[in-house]
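Given the coordinates of chain R, work out where chain C should sit on it, guided by the hints.
Protein sequences, first through last, are from chains R and C.
Counted from 1, the first sequence has number 186 at position 186 by UniProt numbering; the numbering is strictly sequential.
Counted from 1, the second sequence has number 24 at position 24 by UniProt numbering; the numbering is strictly sequential.
One thing to keep in mind: the hints can contain errors.
If we take Cβ atoms under 7 Å as the criterion, some of the chain R residues that face chain C in the derived model are [as the list claims (entries may be wrong)]: (1) S25; (2) W28; (3) T44; (4) R65; (5) V303; (6) W327; (7) P377; (8) A378; (9) A381.
Read the hints as simulated data drawn from the structure, not as lab findings.
C-beta: ideal position from N, C-alpha, C; glycine also.
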Amino acid sequence: MTADSDLLIIGGGQAAGELAAALRSRDWGGSIAIVGEEDHVPYTRPPLSKAYLRGEVEAADLYLRRPDFYDRHGIAVSAGVAVADVDLEAQTVTLDDGRVRTWRKLVFATGGRPRRLPDSILRSAPNVHYIRTLADVDRLKAVRTDGASFVVVGGGYVGLEIASVLRSLDAQVTLVEAADRLLGRVTSPVVSEFFRRLHRDRGVDVRVGTAVVEYQYSDAGNVIGAVLSDGSRIAVDQLLVGIGIVPNDELAARAGIDVDGGILVDRFCRTSANDVFAVGDVAKVTDLDGEPPRRLESMPNAVSHARVLADYLSGVEQPAVDPPWFWSDQYDIKLQSAGLVVPDDELVIRGNPDERRFSVLYLCDGVVTAVDAIGSPADYAAARKLIAQRVPVDAGIAADPGRRLLEAALASAGTTD
Amino acid sequence: MPEVTFTQPSGERITVSADVGRSLMKVAVENLVPGIVGECGGDLSCATCHVFVDVPWVAKLPPMTAEEEQMLDVTAEEPTAASRLCCQITLTEDLDGLSLHVPETQR
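Bound conformation, chain R alone (with noise of 0.2 Å):
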């Protein structure tokens, strides 16, 4: 039997645009099907929260290649089709329009949807937002910010992002988050408190350690009111709500994958079943040479695993080697981490977070482990190599901002030889 499609990959995102790309750009000759959600060709979500909430690019220059990209290549991607059903025996997936396609190798690429607070908590109403797709953000582009009132709940990397864009269209925005410092999860306290300030700066509202315990509505069903854990109620026209991801796990468990909290893969993302693979936001990499099994929801590793797959599918056996990295941008802040921050790592601050421009590195037993780079790019390339290189270094010599990174690093290196 002929099967419709060598690789089919379920999820239309920026993974499955690049594991396509890559296959090609390794002259991988067998055919491809792409079969995703939403209403488009794979496009990039970074600038969602960022440039293109601002109204500065369109749509059509987030797409990672232009549609005709996918023709040219064999590329077959269904926009607009969700798969209801996977049959691993059978080798097959149904659609849900009721159409079967079969294939030889699959690929989970379904990445995450926002975690939704409970309708006992907050119903659904027209004027809250969840955020991860273009058309979340086109609902959100298409309503007044000018002196309007925006709460945010959460004060991960998306709350802080979208905050500083409708701080510079002119809303009013609060952001609250419940535990007692920002990006809490992802980083150390002294960025957290940079983030704090810098938003209290610029006019945000920003509550932490504060819970929303009430929402009000209006009789048309709005929200226009959040009552706070310390009594305080704040008038809303808008509700933005961003407290994390919930991987698409669930059509990978129903098929008889392995999952626990993503799907569970190896290091060249091979899931539990022959012939089946994941990428990207889904997938929770299991074999880290000791480490627990982590799920990493950013743009760069979704690009990291098309590589590797697609090095994979192609005979070559190379494992991603960099440190996981993440950037954001905030007003006219850049910040540009590496590694991973765990809470018992030794913090080397370089530089002054009173003039914007310093980082933070992070140290393991004298190796640095992960960085954190507000408007110090030298730091940051510097960093990463010294993190991918498990390069010892002298905390006191590193903290020098007198001295390139590099350079102190070495200085360092000759000292405990």
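Okay, now just chain C, sitting in the frame of chain R:
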């Protein structure tokens, strides 16, 4: 449509034509030009679309922003006076014939 030539470290020349207004990084990625990664999508955050511009063309390109200059610190291969990030170069009719060299490594 203007034509741009990307010369590979091997000496292989890849000439592509593209619409005015498109960034050179996107043009390269859409044409599967090896060695242009464009990992961040043109947000000046990854420096994986580094190119060396052939000298006659250097002065014809729009000047660099401070941000692009800073990000050239992050390239995998040592930048030179002819280095640019091609996500920051928008294709115009005047750039017809532009010639660029792709570095050995981007990341």
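Evaluated hints:
1. S25: 4 Å, holds
2. W28: 12 Å, violated
3. T44: 4 Å, holds
4. R65: 5 Å, holds
5. V303: 6 Å, holds
6. W327: The hint holds - R/W327 has a Cβ within 7 Å of chain C, the shortest such distance being about 4 Å.
7. P377: Check passed: Cβ of R/P377 comes within 5 Å of chain C, closer than 7 Å.
8. A378: Check passed: Cβ of R/A378 comes within 5 Å of chain C, closer than 7 Å.
9. A381: 4 Å, holds
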